[in-house]
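Visitor: Spelled out from the first residue to the last, the chains are:
Number of protein chains: 2
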Amino acid sequence: MTLPESATIVEMLPRDGFQRYPEFVPTDEKVEIIDALSETGIDEIEFTSFTHPEAVPGLRDADEVAERIDRRDDVTYRALVPNDIGMERAIEADVDKVNALVVISDTYREKNQGMSLEENLEQVRNIVEMAEGTGIEVEAGLGTSFFCPYEGRIPLARTRYVVDRVLEAGVDEVTLATTMGMADPSGIMETLTSVYEHHPNADVGVHLHDTNGMSLANTLAAMQCGVSRFDTSVCGLGGGTILPGGLGDVGNTPTEDLVNMLHDMGIETGVDFVRLLAVAEDVAERLELGTPSHALMGGTREQVLEVAGGESTTD
Amino acid sequence: MTLPESATIVEMLPRDGFQRYPEFVPTDEKVEIIDALSETGIDEIEFTSFTHPEAVPGLRDADEVAERIDRRDDVTYRALVPNDIGMERAIEADVDKVNALVVISDTYREKNQGMSLEENLEQVRNIVEMAEGTGIEVEAGLGTSFFCPYEGRIPLARTRYVVDRVLEAGVDEVTLATTMGMADPSGIMETLTSVYEHHPNADVGVHLHDTNGMSLANTLAAMQCGVSRFDTSVCGLGGGTILPGGLGDVGNTPTEDLVNMLHDMGIETGVDFVRLLAVAEDVAERLELGTPSHALMGGTREQVLEVAGGESTTD
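The listed protein sequences correspond, in order, to chains X and G.
Heads up: the first sequence at position 100 corresponds to 247 in this note's numbering, and the numbers run straight through without jumps.
Heads up: the second sequence at position 83 corresponds to 230 in this note's numbering, and the numbers run straight through without jumps.
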């Protein structure tokens, strides 16, 4: 059991977070926040979704955001594309990478996307084809990889089947998503062990919502299987389906909590944690989120040592 | 890397939680809550602390609580005892087990307990001696086993030294506590691997506060080293030192979140989760805690499936 020496952080706030936020975040604010995120040392930002404006009104300004943000050479700017129309807009907007979503659970996909698995896979193949020659990388994000609110635990063979198919389609990387945020470390290990067994050289990441509070434990389990790419969201904004009674309404893994854990463990991320925490505080204030992460609530080792007047021996 | 088939849950709410709660929880309510906890299938309850009433006013009714609770044969009733006076009261109260606290960090211990390590160890030896022939088991809870707000990361050799000394003193079990709630999975693994290497047959548990949100990840790491005994608190009430600016004020690992994770992983606890969740809801309402745990906020797999109208395939 080994842990990676470094990890890649993919910031999801501008897409997963703003999409979910109950009010429209003004374009000016989106651009300011994305530009601030670009300066934290984060590797990759999913900065918007090229979706029909009526389907996701919170991101109806996707093209304008793409045009106005300051792009750094050392940051990968990724966008979600649900279909070939979205892919056309993504090419027009000159993104570095697209996230083509595939939902594994038939019930969940039919309810939310209104299509069959074959139709969904056909879209991915189209997107891969359209990306050829553009320099745009394609990632497949696999929704409900572990648990579906309608079907329960997703059989391992089903997840494996979809992973096989999207890799066959020629995507550059695949990301297993919890969607409902109800995966557990044993399930994560079982699935990832099987995926790596069949695709030892695949670029596999995880996107772990935190409905059940296990996302950092799931991250640890995923790292132990060989994963070193993680989708997270500043302040934990975003997350999966909200069900009646507010069930599921918890959110994403907060980026600042994940980076704090990785740094405490001696795993490099390239992120300037002080800058990241400043962005998280700014976002929490702008969007009135309170103190939505443990790093913002409880502080970090360095802050605790400073306040207590102690001397750090944590290096 | 193996995981245990079953785990022992030690419920800390009546001691760690009520001690920290800003108001005095009336004795009647304490007794009702402890009795309800006894019916959940939890193995062990740290139900009070026999401390000087001025030092811990929230638990000044320790002797009355001990007398009034309904004790089940299959539950271990444990109490914290800081010294031989506390131990006399614990013997008088006919507890099953006592928790003798030893603080590893010199700075933290001197600030909070006002004594040296040798004085602290001498207390433990006295408590062990007093326990002889009474049938009372002695557990040593080791505060600041990983990180101290004044000294930073605690050197592994220091924690190992104190573990060696309390085991020499004849305690039945030892529990490594995070106190500040700022341990990380790598630190947990490093320390526990070393402890088991030197004491392969020792009964070792962990008490993980959740200031940094890593307590479930730390629990997973501890299980992978061989630990299967966990101190947690319903609703996450309790926790470590609160520093200026509110740093550290986050809490304990919520019992309902830990049990939810263990059950999802197929690890048995003997806990009736539905009953446990009902106690957590009752405690949250009585003490006006809002929705302090992920299980209460986001729901469990079973609840999600019920609300979504799905069929469980999770057993």
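Each hint should be verified, as a subset may be incorrect.
Since copy identity is lost for identical chains, a pair holds within one copy or between any two.
[As the list claims (entries may be wrong)] Listed below are the simulated SDA-like cross-link pairs for lysine to any residue, each with C-alpha atoms no more than 20 Å apart in a straight line:
| hint | residue 1 | residue 2 |
| --- | --- | --- |
| 1 | Lys258 | Asp350 |
| 2 | Lys258 | Val454 |
| 3 | Lys244 | Asn259 |
| 4 | Lys258 | Phe171 |
| 5 | Lys258 | Glu453 |
| 6 | Lys244 | Met444 |
| 7 | Lys258 | Ser341 |
| 8 | Lys244 | Val421 |
| 9 | Lys258 | Gly457 |
| 10 | Lys244 | Pro169 |
| 11 | Lys244 | Leu436 |
| 12 | Lys258 | Arg433 |
| 13 | Lys258 | Gly456 |
Rather than coming from a laboratory, the hints here were simulated on the basis of the structure.
Visitor: At most 20 Å between alpha carbons: which applies to lysine 258 and aspartate 350, within, between, both or neither?
Guide: Cα proximity of lysine 258 and aspartate 350: none, with 29 Å in one copy and 50 Å across.
Visitor: As a check of your reading, is lysine 258 near serine 341 (CA-CA no more than 20 Å) within one copy, between copies, both or neither?
Guide: So lysine 258 and serine 341 fail the 20 Å test inside a copy (28 Å) and across (51 Å) alike.
Visitor: 20 Å Cα cut-off: does lysine 258 pair with glycine 457 within a copy, between copies, both or neither?
Guide: Intra 55 Å, inter 13 Å, cutoff 20 Å: inter-copy only.
Visitor: For lysine 258 and glutamate 453, with the copy left unspecified, which applies at a CA distance of at most 20 Å: within, between, both, or neither?
Guide: between (51 Å within a copy, 17 Å between copies)
Visitor: With identical chains, the pair lysine 244 and leucine 436 could be close in the same copy or across copies; at 20 Å between alpha carbons, which is it: within, between, both, or neither?
Guide: Close neither inside one copy (29 Å) nor across copies (43 Å); limit 20 Å.
Visitor: One pair to classify: lysine 244 and methionine 444, alpha carbons no more than 20 Å apart. Within, between, both, or neither?
Guide: neither (34 Å within a copy, 34 Å between copies)
Visitor: For lysine 244 vs asparagine 259, is the C-alpha pair at or below 20 Å within one copy, between two copies, both, or neither?
Guide: Classified as neither; 24 Å inside a copy, 54 Å across copies.
Visitor: From the Cα coordinates, with 20 Å as the cut-off, is the pair lysine 258 and glycine 456 best called within, between, both, or neither?
Guide: between (55 Å within a copy, 13 Å between copies)
Visitor: Checking lysine 258 and arginine 433: alpha-carbon separation at most 20 Å within a copy, between copies, both or neither?
Guide: neither (33 Å within a copy, 39 Å between copies)
Visitor: Please work out whether the CA atoms of lysine 258 and valine 454 approach to 20 Å or closer within one copy, between two copies, in both situations, or in neither?
Guide: between (51 Å within a copy, 15 Å between copies)
Visitor: Please work out whether the CA atoms of lysine 258 and phenylalanine 171 approach to 20 Å or closer within one copy, between two copies, in both situations, or in neither?
Guide: Cα proximity of lysine 258 and phenylalanine 171: none, with 25 Å in one copy and 50 Å across.
Visitor: What label fits lysine 244 with valine 421 when the C-alpha limit is 20 Å: within, between, both, or neither?
Guide: neither (27 Å within a copy, 45 Å between copies)
When the structure is compared with the earlier hints, violations turn up for hints 1, 3, 4, 6, 7, 8, 10, 11, 12 and for no others.
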